[in-house]
Structures are given as C-alpha cells and as structure tokens.
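Asks: Here the protein sequences come in this chain order: A and B. Taking the working numbering, the leading residue of the first sequence gets 37, the next gets one more, and so forth. Taking the working numbering, the leading residue of the second sequence gets 2, the next gets one more, and so forth.
Any given hint could turn out to be false.
Computed list of lysine-lysine pairs in DSSO-like fashion (alpha-carbon distance at most 30 Å, straight line) [as the list claims (entries may be wrong)]:
1. B:Lys40 with B:Lys78
2. B:Lys169 with A:Lys179
3. B:Lys40 with A:Lys179
Partial selection, computed: residues in chain A whose CB lies under 7 Å from chain B [claimed, not checked]:
4. Ile49
5. Lys91
6. Pro92
7. Gln95
8. Leu131
9. Ile143
10. Ile150
Derived by calculation from the structure, the hints in this document are not laboratory data. For every residue, glycine included, the Cβ atom is placed at its ideal position computed from N, Cα and C.
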Amino acid sequence: MKTFMNKLAKLKIGSTLALLILTGIWSIPTVGLLVTSLRRRDMAEVSPWWDAIFKPLEQAWSIDAYTNSLASGGMFNALVNTLVVTIPSVILPLLVAANAAFAFTFIEFKGREIYFAIIVGLMIIPLQSALIPVLRAMVAFQKATHIQLTGNFPSAWIIHCAFALPLAIYILRNYMLSLPSSLIEAARVDGATWYQIFWRLVMPMSVPALASFAIFQFLWVWNDYLIAFIFVGEQKAVMTYRLLRMLGQYGEGWQDVAAGSFISLVLPLIIFFSLQRYFVRGLTAGAVK
Amino acid sequence: MDPLLSDVLFGIFAVILGTAATLGLYWLLDRLVHLFPAKLQDRIKSLGFLLPAATLLILVLVLPLINTVVWSFMDDKVKTFVGFDNYIALFTSPDFLNILFNNLLWVLIVPAVTVALGIMFANLGNQVGPTREKIFKSLIFMPMTISFVSASTIWGYLYVNPAAGRPKIGLLSALVEFFGGTPLNWMQIDTGRLNTFLLMAVIVWLQVGYSMVIISAGIKAVPEETIEAARIDGANGLQVFFRIIVPQISATIMSVFVTVLILVMKVFDIVLAMTGGNFNTNVLAFEYYKQFFVDSNLGPASAVVTILLILIAPLMWLQIRTVRHQESLR
C-alpha cells in the first residue's frame, strides 16, 4: 500500500491536473480560431464554434475560408510582402549589431562604458518618438533625389534595422563577453587583425546568440503593424495590415479573418517549435545572470 | 511583369545586394582605418566596427527623438513655436486626463498580473517531470509568437456579441448567459472600465509565457543547498518558496516586471484593433497615432509622445542600473 501511495505521489496528479486545466484555458482562444477558420460561412454565422467541437460529425468542414482569404482577402500577396519586409530586416541589423558588439566587447576605446550605457538606455525608446521626423526627412529626401523610400520596402528595413540595434548589441555583447578572451589574445599575438578576428573567430563562435536574436527580430518584424502601416502602407500591404482591414470590412465574416490570422501564424509557429531552445536562451540571456 | 513577382525579385535582390553592400562597407572601413599611421590607427580601430551602427542610431533614433521634443512646442503644422500651449491643452482636456488614467490602469494591473501568473505557472511546471513541463510550457508560451493584431482578432471573436435575435457566437456572452447574466456589447461597456480590463486580458494572455519562462529559469538557478537547508529546518513548501526562493530571484522578477511595464506603456495595436480607442479605452500611444494620422496635428502628437518619453525615462535609468548590476556579478 505504501509503495502504491509513493507511486501515486510520484505521478503528481494534483499538479498535472492543474497544468492540464491551465493549458486548456490558455489554448481556448487559439483552438476557437482554428475551428472557426475551418467552418463554412453559413455555419460560422449561426452557431458558436464550440458546437463544432461537441458535434464534429454534424459539421460541414471546409477550407473555403483559407482559399477566400488567400485570394480575395489578399493574404497571399500580403504573405509575400511580409517576407520581403522581414528577411532583410533580420539580416541587416544582425550584421551591424555584431560588428558594434564586437568593438564594445574586445576593443578598448575612450568612453566605451558610457556609450554602452547610452545604448542600453536607447533600448526602451518608443518607436513613436522617431516616426514623424523620420517620415518627414524621408519625404524631403525623396523630393530632392526622386528615390522613392516611403510606400516601399527599404524605408521599413532602415527603421527596423535601427530600432533593433540597441537590443541586438546588448544581447550579442553579453554573449561575446562569455567567449574565452585568451583565444582572442592568442590570435592578436599571432598577428591577426581585428577584422580577421571578428570574421574568423568571433562570428562563428557567436552563432547561438545570433540565432536567438534572429528569431526575436523575425517575430518582431513579422508581427509589426505600425512601421509597416506608416512606411510601406497600402500598396504593398503586409499581413497585419491586411488582417486589420479584413476585420473592419467584414465584421461578420469571422471565418475568413480567422483563416487569415492562422495563415499569418503558421511560419512563426514553425520557427517557434523548431528553434524553441534558441528562443528561450535569447530571452534568458539578458534577464537571468 | 506581375507586381507581386517583381516585389519578390526586388526582395531577393535586396537581400543579396544589401548583405553584400554591408559586408563591403565593413571591409572598406577596415581598409580605411589601415590607411592611417600606426599610432592613430590604434586610436580609431574601433570606428571601423562602430561607425555604421552609430550612424543609424544617431540618424534614426537620437536626432528624430530630439526633433520630436522640439516639435512638441510647435503648432499643428510645426511652423511656429507655441511654447507650452500643446501641453496646457492636453492637461486641461478631460479626454487626455482620461487617457492618462487608462495608461495608469494598464501599468498598475498588467505587469503585476503577468508576473504573478508567471510565478505560479513556473512553480507548477517545476513540480512535474521534464516531459510534462516541456509540453505545458510550450503551450503557454506559444501566444508569444502571435501578433497583437492576430491576438485581437482571436479575442475579438471571443468577445463578440451579435445584435439581439442573432445567434450568440461569442464565448464570453455564452458564459455570462450560462451563469444567468445578460450578454452585453462588451467592447462598449466602460462601466468600471470593463472594456479596458477585457483588452488587458489579451496582453496578459500573450505575455505570461515570457514571464513564466524567465522566472522558471531563475528558480532552477537557485542553489539546491539553500532549499535543502530550509527543509531540514522544518520549513514547508510555501515557506521555502516565499522565504528562500523568492528573495534569490527578486532581480529576475524585477527585470520581467520592468520589461512588461515598458511594453504596456506603449500598448497600441490592441486598442487600435479592438475598439479604435473609442468607448473610453484610449491610451497614450493610440492618442499619438490619432493626433498624427487622423488629425495631422504634428505639434500635439509630438507632445503626446514626449509625455510618454518622460514617463518611460525613469525606467531607462532602472534598466541601466539592472544591467550594471548584472555586469558586476560577472
């Protein structure tokens, strides 16, 4: 009897039950979204989505909402636009920040600590504080040079890149500080230049930190609405933009909006579940030490 | 050519060209540094790595920030200086005071609830085996990958309350009806700021995973001996948690709190997507958006952002101090 009780205690039924309930509650919104996106329009409007779960066989399941939102909802174009906005917005800040973090970690220069403190401070500057002047400067630049920046992708790349730098430099420097400095000393003694040390030694060793920052930046840019709305706009609408318009337009056509939402979720979810380790490591890099 | 295809080609082209140009830029800077005499070279060697980052930060963050502060003292078209008029107008308008009150509510409630739930979830997760913990954490954490706009569509559907006579398809209304209440048009009910609280639920749902993961990592880093010692002294589970574990992870809890706090002060997308700032749910970041894009009042919009900046500034100090503290532990 005692061993049985011990075994029972080991199973942690109470805690597991609590976890199950919590996970259930936390998943309700996502499940509701998924179920709704797979229903026919005539059903989604007259019966709540949980009916479909309790009576799955009486349901007319369909993927119409997906084809609808991809084609007439413009989600396919938006998906492509989002990719075009996102990929350079991840690669560029990564390169720029890695270089800066390298200098902050390994090269002695005057005022290093103060400059770094300023960068840490810049981490929390709200995006909004820069938007109007930057937008106006870009418009002035366009008038002078006839190079179209706004309403196009490059403006979004520049803004995303600049606003990613403080956090990126911070995370990467944190990581680079943990690299063995003796290795860098040895390379210096052997006559390697800083440029060579950066590319041949530090960059390859920093891959985990680069990966975790890349995931962050990807999610941030992918999910951003404000920059895409202001600097890219209607012409090359991204998914958050398109979703918001769908939400306003068909208030009632929930299944299309739900399908659109799910389409925008697929790639982040794949990245999240396949690279979760890096993601969590990136999160804890700054907070737990 | 199909515009979509041309955009794709443009994107691929930009990735290749942009990466190549960036790499080339750093190579060029390195060569330039080497042109200087050896003694000077030693002093400017860091510039080759710092110049592009510094240029971007100054041009896109620092100068525009200063510019915004200056513009906050100018009129709608930022043509003439008006002194403190924008601020006086804002602080004497009941609408704006209401906005500040809403922001205060967000700041008081969301970080505290997020941290409290994060501690609870982390603790529960730590009590079961690694497999169950991993699955549980993944599912709680998953919303972190969802955009505020998508999250708003998801929760908007839970909160929806169709006109009388139409089928009730919103979960909240159904629950309320089940418990004998009357379903309402939830997003429009500002009695007791109900709608604002419903919006807060969205951000808590998104952020608890983050809070849980960080706090859980903090708990796992607490030395086992300290817990054992307390157990031997006869402390029960709760006592061990609050007297032994919490003090040791207080810096971690603080950093989660500050991170969520900063995020919440800037909350915008959720308000935009769910209520459009109507029905008494407006907040600072949304007011800025409205002043700028809807009303084209550049001066007042800049003043709203400057107020947001002033409110966030103390947190910047806190952030720098936390970082300094972490470095000293290294």
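Asks: Look at each hint and say if it fits the structure.
Replies: Verification of the supplied hints:
Among the hinted pairs, B:Lys40 with B:Lys78 is inconsistent with the structure: their alpha-carbon atoms are about 51 Å apart, more than 30 Å. For the suggested pair B:Lys169 and A:Lys179, the alpha carbons sit about 53 Å apart, so the restraint of at most 30 Å is broken. Distance check on the hinted pair: B:Lys40 and A:Lys179 sit about 44 Å apart at the alpha-carbon level, beyond 30 Å; violated. Hint status for A:Ile49: violated, given a least beta-carbon distance of 10 Å to chain B, over 7 Å.
Evaluation of the A:Lys91 hint against chain B yields a violated restraint, the C-beta minimum of about 15 Å exceeding 7 Å. For A:Pro92, the interface hint is violated, since its Cβ never comes within 7 Å of a Cβ in chain B; the closest pair sits about 17 Å apart. Annotation: interface hint on A:Gln95 violated; nearest CB of chain B at approximately 14 Å, more than 7 Å. Hint on A:Leu131 holds. Least Cβ distance to chain B is approximately 5 Å, under the 7 Å limit.
Given the 7 Å rule on beta carbons, the hint for A:Ile143 holds: about 4 Å separates it from the nearest Cβ of chain B. Interface restraint check: A:Ile150 against chain B, minimum CB-CB distance 11 Å, threshold 7 Å, status violated.
The structure shown violates the earlier hints numbered 1, 2, 3, 4, 5, 6, 7, 10.
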